[in-house]
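Residue numbers (this note's numbering), protein chains in the order written: chain A, 103 to 362; chain B, 83 to 345; chain C, 41 to 305.
Hints were generated in silico from the structure; no laboratory data involved. Honestly, I wouldn't trust all of these hints.
Unchecked claim - Pairs of lysine-lysine, DSS-like flavour, derived with a Cα cap of 30 angstroms: (1) A:K260 <-> C:K64; (2) A:K107 <-> B:K182; (3) A:K260 <-> C:K294; (4) A:K260 <-> C:K194.
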Amino acid sequence: MLEPKLDARSFWTLTVAGAVALFGVWSLAALSGITSRTFLPAPWDVLARFAQLTVEPFVGHVLHEHLLSSLQRFGFGFVLAVIVGIPLGLLMAWFGWVDRLVSPLFETVRFIAPIAWVPFAALWFGTGIGGPVLIIFMGAFPPVLINTYRGAKNVDRKYIEAAQMLGAGSIRAMTQVLLPAAVPSIVAGLRISAGLGWQSLVGAELIVASSGVGYLMVKGQAAISTATVMSGMIAIGVIGFLIDVALRRVQLVIEARRGV
Amino acid sequence: MSSPAPARKVLSTLGTTLGAVTVLLALWHVLTAATGFISTARFPAPLEVFDAFKQIAIEGYSNGRWHEHVLRSVLLVTMGFIVSSSIGVTLGLAMGASRKVEAFVNPIFLLLRPIPPLAWIPLAIVWLGLGDAAKIMVIFFAAFVPSVINSYTGVRQIDKPIFEAASMLDVTGWRYWREVLIPGAMPSIFTGLRLSLQASWTTLVAAELIGALWGLGQILNQAAQDIFPAMILVGMLSVALCGWLMTLALGWVESRVTPWKVR
Amino acid sequence: MANIVFESVQRVFRQGGNDFVALKDIDLEVQDREFVAIVGPSGCGKTTCMRMAAGLEHPTGGHVKVDGIEVTRPGPDRAVVFQAFALFPWKTVWDNIEFGLLSLGVESGERRRRIEHYIGLMGLKGYEQAYPHQLSGGMQQRVAIARAYVLDPKVLLMDEPFGALDAQTRVVMQEELVRLARQNPRTVLFITHAVEEAVYLADRIVVMSRRPGTIREIIDVKSVRGAEHWDALPRIEDVMDLPSFVHLRTHVWKLLRDQQGGDVH
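Just chain A, same shape as in the assembly:
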């Protein structure tokens, strides 16, 4: 007896009720005075602070400047993961010896949470951009590699035989057969990769950065300004969501073009 969809009225009533409950309880707790307003701000305090951060610099920059810093690091790390991950995945799928050589190393490294790279990142790069980029790379790389590898490995044998019959060497086989065949899998991997990369960025910026949204949150925490911390969380959530939406569109476009 899976329930039928709710009619619009019930749906909206309950949704609004839920939102009201959430913000209501929150507001009441904030207004009640159990703790100070900086410790537990009301929802509107958070929004006010968010707005304030867009015009008034905090720890050196305004909000969108911090965001840009973060996005830049994310961009480098993500692009690096793609540039290394896709070719490596193809090579591993095509050449058995590459697979055997790389797999043990990869499987070990894969289980190391990206955040655990922070000490080395700090050791090697100090507070330079290399540190966060390394950590983002470690987060974004596995899904790209795995999805490329799987997509390439699952190519129907008949295409490989046709390519061989047509005289394609290893490079053409990988770029003209494996890669196009693996595209749907790769694009799905990119979405996951972007999500993980963005999450890893946050972690990295909590520790090894001197600008960026994560850094903003850490400094907000040091100042015990919950509103600042929450503003950071909102910014991070929104950007992460937008990145995913953008990649989802890319995925849909590619699926449409292939006549899937």
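Chain A is already provided as a structure; the job is to place chains B and C on it using the hints.
Below, chains B and C without anything else, positioned relative to chain A:
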């Protein structure tokens, strides 16, 4: 049907893997200790790592021996994970089963979902300080969302005929949950649990890195401050090992609980 | 001399500790520019023979040679037309046909000339920029045939190329292939389980037995075809009405039947 072929295949794969591992280890040693191509101030040599491990296992490092740190971290993760996923799975199942519950809870969800697990750390520290309580809070929020979402999808993707059969057989109440909803959603539930576990580990290590007295993340932090690359690597490999073992354990639980699933 | 020679070819498979013999004592020569069809019941190993000539599989005993050279790996000199077409879905018709020419290093003017020639010949004009999924089965197989012919290969290997097509398209394709084959004679090894198709297309028919696959009999069709002027009749149904055709077809059927309840189509 006894056949030497499969056994032979397993041995041969094991052989090549061991071979590859040996090659990699040898390469590592050559690049670091033997030639100094990679300075050991930046990346440790294999033997240094081994010595560091001996040190932490026997004498201890940063307030404790290896197994003490591991136990602390594992304990925190397990506690946080169990609390969080129990609530999460139950809520997810309820949302899946009842459109009303879904509509009501959704707004909270839409707010929580886009926030990356690690982003809860500063808030947790502000509210709860640097102790274990903050860590549990962070693990809770990290593990909560995947459990809910996957349990919810688990219920929603149960084939309609199964619901119709349940209706016809007049299965209601607790039985309905126990024998229809939960088993049907089980594979998705476990996917969610896997993601929750991963998130739990990542957030704990991060939280311990930022501020803790014990734990694997704390080892990493201390080793970073002491500029002790070999110990950093010991910490990282320990994180990997624990993550891997806990995932295996979860997989084992899953195979016991869902014997019907085609793997 | 582009001939295919099977010398005492054996093919043994290992499965779960047991050996089973797929092919036994295959001795066959497909002569230069001869069209040879192999027919046989399912599982008799006829496709395996073709795949060995293509270099996609290897004999466990004996040798397979094309033009005197032992076959070790696939290549454009032994073009294959697959039953499942195997066109690259992400490439246009033109690019699919061009793929092998690029491997051969044919320069662009010559490539264009050859591709346009076969596009015209196979009735693909106007479809150059289409993608395989936009084409019918018959059209896709035409592209696959063009892709093979355009390589100017030493030998052509066809693995039940019309097997995935509906009956009407099949007949049309058979007529087209006959036209192509008679105009442009090449060494062809053609695999099919459809007896009529083999009798219509081939110069000689190799009839195989059930597993373990051996050659039961080799039937000469060309002399009959020549004597009875089959090629003078443009339509396949007229040819299939001829007594000489029926006689040969029945002969092959009987050979296939005579095997402990084998599949006959």
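Checked hints:
no., hint, in the structure
1, A:K260 <-> C:K64, "holds, 26 angstroms"
2, A:K107 <-> B:K182, "holds, 9 angstroms"
3, A:K260 <-> C:K294, "violated, 34 angstroms"
4, A:K260 <-> C:K194, "holds, 22 angstroms"
The structure fails hint 3 only (numbered hints given earlier).
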